[in-house]
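Novice: As given, the protein sequences belong to chains A and B, one line each in that order. For the first sequence, the working numbering assigns the number 254 to the last residue and increments by one with no breaks. For the second sequence, the working numbering assigns the number 254 to the last residue and increments by one with no breaks.
If you're looking for bench data, these hints aren't it; they were derived computationally from the structure. None of these values were measured; they are calculated from a predicted model. You can trust all of the hints, since none of them are fake.
In this list, chains with the same sequence are indistinguishable; a pair is considered to hold if it fits within one copy or across any two.
Within a straight-line C-alpha distance of at most 20 Å, the following computed EDC-like cross-link-like pairs (lysine to aspartate or glutamate) qualify:
{"#": "1", "residue 1": "231", "residue 2": "79"}
{"#": "2", "residue 1": "229", "residue 2": "79"}
{"#": "3", "residue 1": "90", "residue 2": "48"}
{"#": "4", "residue 1": "231", "residue 2": "63"}
{"#": "5", "residue 1": "176", "residue 2": "160"}
{"#": "6", "residue 1": "212", "residue 2": "48"}
{"#": "7", "residue 1": "223", "residue 2": "79"}
{"#": "8", "residue 1": "212", "residue 2": "227"}
{"#": "9", "residue 1": "223", "residue 2": "63"}
The lines below spell out each chain.
Protein chains: 2
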Amino acid sequence: MNRPNKRRQTPEQVSELTTNRLSVYLRCLNELDAAAVETISSQALAEQFQLNAAQIRKDLAYFGEFGVRGVGYYVKDLRRHLRQILGLDQHLRVVIMGAGNLGMALADYPGFRQEGFEIAALFDAANEKIGHESRAGVPIYDIKELRRLARRERLDIAVIAVPAPQAQPVVDQVIQAGIKAILNFSPGSLKVPAEIKLKSVDLTVSLESLSFFLAQHEAPRA
Amino acid sequence: MNRPNKRRQTPEQVSELTTNRLSVYLRCLNELDAAAVETISSQALAEQFQLNAAQIRKDLAYFGEFGVRGVGYYVKDLRRHLRQILGLDQHLRVVIMGAGNLGMALADYPGFRQEGFEIAALFDAANEKIGHESRAGVPIYDIKELRRLARRERLDIAVIAVPAPQAQPVVDQVIQAGIKAILNFSPGSLKVPAEIKLKSVDLTVSLESLSFFLAQHEAPRA
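Given only the sequences and the hints, what does the whole structure look like? Please build it.
Specialist: Structure below.
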């Protein structure tokens, strides 16, 4: 806590691995808060959720001094701070490009709403889908309507859930509509201008952590 | 590289955050290999893919000495080692529980196949789905058939893609069928015995890293 050469990083320098960990900490704090836990030390937080206490302290130190000596962290306070740092207090509006299986699944994904994101619309080019809605009631619009909708309403994030060959043209349309942040579930790399934030999600990563477990723990196969 | 008190951790102690990073490194090495890059330093790897060079060296040091002084890493070698560490050389067989939007999307997710996972089957309880298959040809079986199929064929990992209320009973069936590793996309916590590896995926984490970016970079809203 009082190392002399501790440097405070600016948000610019914070890596995505760090923000991902902040999200994980937030999920833990949500659980603790729901269980009416009021304070927790970095050590106890690490033990309960199988995290690294030193890493927790280091990650949080980027953003301020949240720990209180002899107490640890106040759960509600730290949760509020993390939501603020992650921009979750801004009620961001999300559109999903592609009303196929993945798009429809994402439109109704409970976690998004829970953390304060609003799924404003799905977009697709297929006539038979346009005008319908997801099970949770997210409307499906013609992709041609994207620019018009973006002009009328604030749209913060676009999720790309179209097949690989359509991904780049759809991303280009999203950027033309003025959306600055893109979450891509489509495989393959996409080109975006420097001022656009593109994050690609690779679901294989999760499967690989199980694969790692099986490789280390399972008996050799017959 | 030659700190005297460096400790080699056993795989038991390696955190999921570490294995997740190994997956990320593997993806980078795949790209480098595809681009015919033969060697790379941790520094260059970090710069090219916006990673942390010290973290790369530390993560890899858990598993052996892969770096060569004055050269860095041999891309093909390190890629092969990482695939081995992550168990990807074992051709694991995956079943997906739930043939709704998410299950169907995951069944055809290109990344799974690409890294050597085989999506063996989808399972659902809805009569109208049973007997059909996903676009990529993954057959949908009656969930009652899971135990019989698991007895006949090796099934390594079950992916849970059913609505929250069905998640626990489905997980119980998966465990009874002898599957040891579970990837859960359903919200809420699940109970599994200690010998079962359960990983829950929270797609909200990715959206939150964009939210963080917008909170730091966007002009204040009118």
